[in-house]
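Participant: Just so you know, the sequences run in chain order R and U. Residue numbers are given in this note's numbering: position 202 of the first sequence equals residue 202, and the series is strictly consecutive. Adding 405 to a residue's 1-based position in the second sequence gives its number in this note's numbering.
It is worth saying that the hints were derived from the structure and are not from the lab. Bear in mind the structure is a predicted one, so any value in this text is a computation, not a measurement. The beta carbon of each residue, even a glycine, is placed where N, CA and C say it ideally should be. Take the hints with a grain of salt, since some may be wrong.
As a list, the in silico BS3-like pairs of lysine-lysine whose alpha-carbon atoms are at most 27 angstroms apart [as the list claims (entries may be wrong)]:
hint: 1; chain 1: R; residue 1: Lys41; chain 2: R; residue 2: Lys227
hint: 2; chain 1: R; residue 1: Lys6; chain 2: U; residue 2: Lys566
hint: 3; chain 1: R; residue 1: Lys74; chain 2: R; residue 2: Lys306
hint: 4; chain 1: U; residue 1: Lys566; chain 2: R; residue 2: Lys306
hint: 5; chain 1: U; residue 1: Lys474; chain 2: U; residue 2: Lys422
hint: 6; chain 1: R; residue 1: Lys306; chain 2: U; residue 2: Lys613
hint: 7; chain 1: R; residue 1: Lys306; chain 2: U; residue 2: Lys422
Example chain R residues on the side facing chain U (calculated, C-beta under 8 angstroms, incomplete) [what the hints assert, rightly or not]:
hint: 8; residue: Leu24
hint: 9; residue: Lys96
hint: 10; residue: Glu296
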Amino acid sequence: MIQLFKMALRDLGRNRRRSFFSSLALGMGLALLLLMASFIKGEMGSAIDLTIRLQSGHLQVRANSYDEVKTSLKWEDLVEDPDQVASQIAALEPVKFATPRLFASGIVAVRDESAGVRIFGIDPLSEANAPYRDGLVSGQFLTSDDREGILIGAPLAERLDLKVGDVATLSVNTSNGDVDEQAFAIRGIYSTQTNGFDSFTVFLPLAKAQTITQAGNHASTILVMLKDIDQTQAVFNALQSSKLKVITWEEMNALILQTEEFAAAYMVVLYLIVLAITATVIMNTLIMAVFERTREIGILAALGMKGRRITAMFLAESSMLAVGGIILGLVLGSLVVAYLTRFGFYIGNMGISGMLIGNTIYPDLTVEDTVTLSITALVVTLLAGLYPAILAARMEPVEALRGGK
Amino acid sequence: MEVTKVENVTRIFKIGKVETRALNNVSLSIENGEFTALVGPSGSGKTTLLQLIGCLDQPTSGRVFVNGKDVSQLNRNQRADMRRGTIGFIFQFFALIPTLTAYENVEMPLLLNGRGASERRERVMQLLEAVDLADRAHHRPDQLSGGEQQRVAIARALSSKPTMILADEPTANLDTTNGQQVMEIMTRLNQETGVTFIFATHDPRVIKYARRVITMRDGAIAENGVVEKVQAGV
């Protein structure tokens, strides 16, 4: 066995450049796969994470009849006395915080420009606002008693050429189906680095949002964040009641989860394509080696080496090429991934409707992906080496000896 | 006792639609310990006969016996086993594995026979000394001269203690001095170890070492006799 690998190593050493480039092909293939896997994982992970943080929370509690698509503001579709409901929910042990939110649709207009927006009525004191508060680019965050200020996203501010202190008109749908209109000062401009969110979301203090939409003491939803996402089902069960419905992040983000599944399946196809290409390179190298060494194969056969052992000899070579390639791939792959994990990969505004994707992807390379892909690369390379190895073993000694003369 | 016997052997090669009769109804018997030359012009069937005796090939018809065993119908693996245990080969080209040292080349048949490390070491060094190459043990073939390479090949052919060694034009690629040296070593080993040597050649300087000469022509045996008789005609 040791002899087999010793011979394989020396045989590969005969044509060092060719062996190196074959391994490098596999290495680059593997590095590419690691990069793709980490991208998908990073993007999907961040999409879920981002959506939970910015928009959905882990759980939401709404009125049974609430229709998210219509952003209904009718009282019967809303949660009554939301502060009290929120504080009851917040009392549960696994709950980090629970905060009421009121959603409405509206239009921000300034001079002759306007833009359709979603209005988030929020409790400015809640911890849930951390992502917006931390993303404040200029101005200040809202206060609970602010009646004339709004917070807008940086892309919207840029589009409408608005600065902190400027005044814009906000038209809002109301509970009874009318539209109300009021001038607001831009208190602050925020950026969550997520165009799909920042371009369309305008924040108002909850009390002001309730007034302008005539929603009374109601909210669209109670947003619940947990200390641990794995507690979702437990809290979901605990919150069941006849009057309100509870929705989990999985239900709210079904599209992202579906996309993730689709991406995973799509990736498998890409993996196979990349591996098929590298396998062809390896196979080609080994077939060349078999033909170059026809006479030696004849000699070994004449000495009494059986086909099985000749097969093993060439498989030892392909496994060494594979191991070399995998090491190269891991080094190359982790260098690139490490660089991009640190500095990110800017994709700009790639917002797909219904999904929040950050402007920058930070790849996430998991141990599981690394191990799975490395093993897959090894197996595919060994399979690719099987044909040349069998080719060598099937040679008739007489023909093989003649072939080299 | 005969080490090999060939009975009415015919070997036909088909290349495309053309049939070539390399051996035509050849019968032959070789006794243990012989030092026999197969002579004849190229294409006369020497190599084919050696390959059949060496279990590298199978006859189209007729039977080949090695150590009393009919080897003409053995499958690939059985023939490989037969070769490994009983037959050593020396080829015209210096058929060493280029990535292995002289030592490792000689060791290869012992490895294939599953011999232990200490037995291998002892045997390899003994054989390299026998062919005067103990000091070149760790050189690769490309660091050895043609004559040295062929001596390594002789040591390798002997390493698994075969009952016969088949040599196909062993001196064809060597100069006179090296050719003589190789033949002298083969003669000495034949006398010392009693192993049978059968070698194909058309070099008169080599034929003179043989104690029996079998002359082949057009795939058949033309003359078969002890050396004195044939040498007169050379």
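Participant: Is Lys306 of chain R within 27 angstroms of Lys613 of chain U, Cα to Cα?
Facilitator: violated, 37 angstroms
Participant: Double-check Leu24 of chain R for me: the hint is only fine if its C-beta lies closer than 8 angstroms to a C-beta in chain U.
Facilitator: violated, 22 angstroms
Participant: When the nearest CB of chain U is found for Lys96 of chain R, is that gap smaller than 8 angstroms?
Facilitator: violated, 66 angstroms
Participant: With a cut-off of 8 angstroms on the beta carbons, see whether Glu296 of chain R makes it to chain U.
Facilitator: Check passed: Cβ of Glu296 of chain R comes within 6 angstroms of chain U, closer than 8 angstroms.
Participant: Next pair to validate is Lys474 of chain U with Lys422 of chain U; report whether the Cα-Cα distance is within 27 angstroms.
Facilitator: violated, 34 angstroms
Participant: Are Lys6 of chain R and Lys566 of chain U close enough, with their CA atoms no more than 27 angstroms apart?
Facilitator: Judged against 27 angstroms, a Cα distance of about 25 angstroms means the pair holds.
Participant: Going straight from one Cα to the other, do Lys41 of chain R and Lys227 of chain R come out at no more than 27 angstroms?
Facilitator: Within the cut-off at roughly 23 angstroms; holds.
Participant: Is the straight-line distance between the alpha-carbon of Lys306 of chain R and that of Lys422 of chain U 27 angstroms or less?
Facilitator: Measuring from Cα to Cα gives roughly 31 angstroms; hence the hint is violated.
Participant: Going straight from one Cα to the other, do Lys566 of chain U and Lys306 of chain R come out at no more than 27 angstroms?
Facilitator: Status holds; Cα separation ~19 angstroms.
Participant: Need the status of pair Lys74 of chain R, Lys306 of chain R: alpha-carbon distance at most 27 angstroms?
Facilitator: Status violated; Cα separation ~84 angstroms.
In this structure, the hints that do not hold are numbers 3, 5, 6, 7, 8, 9, in rising order.
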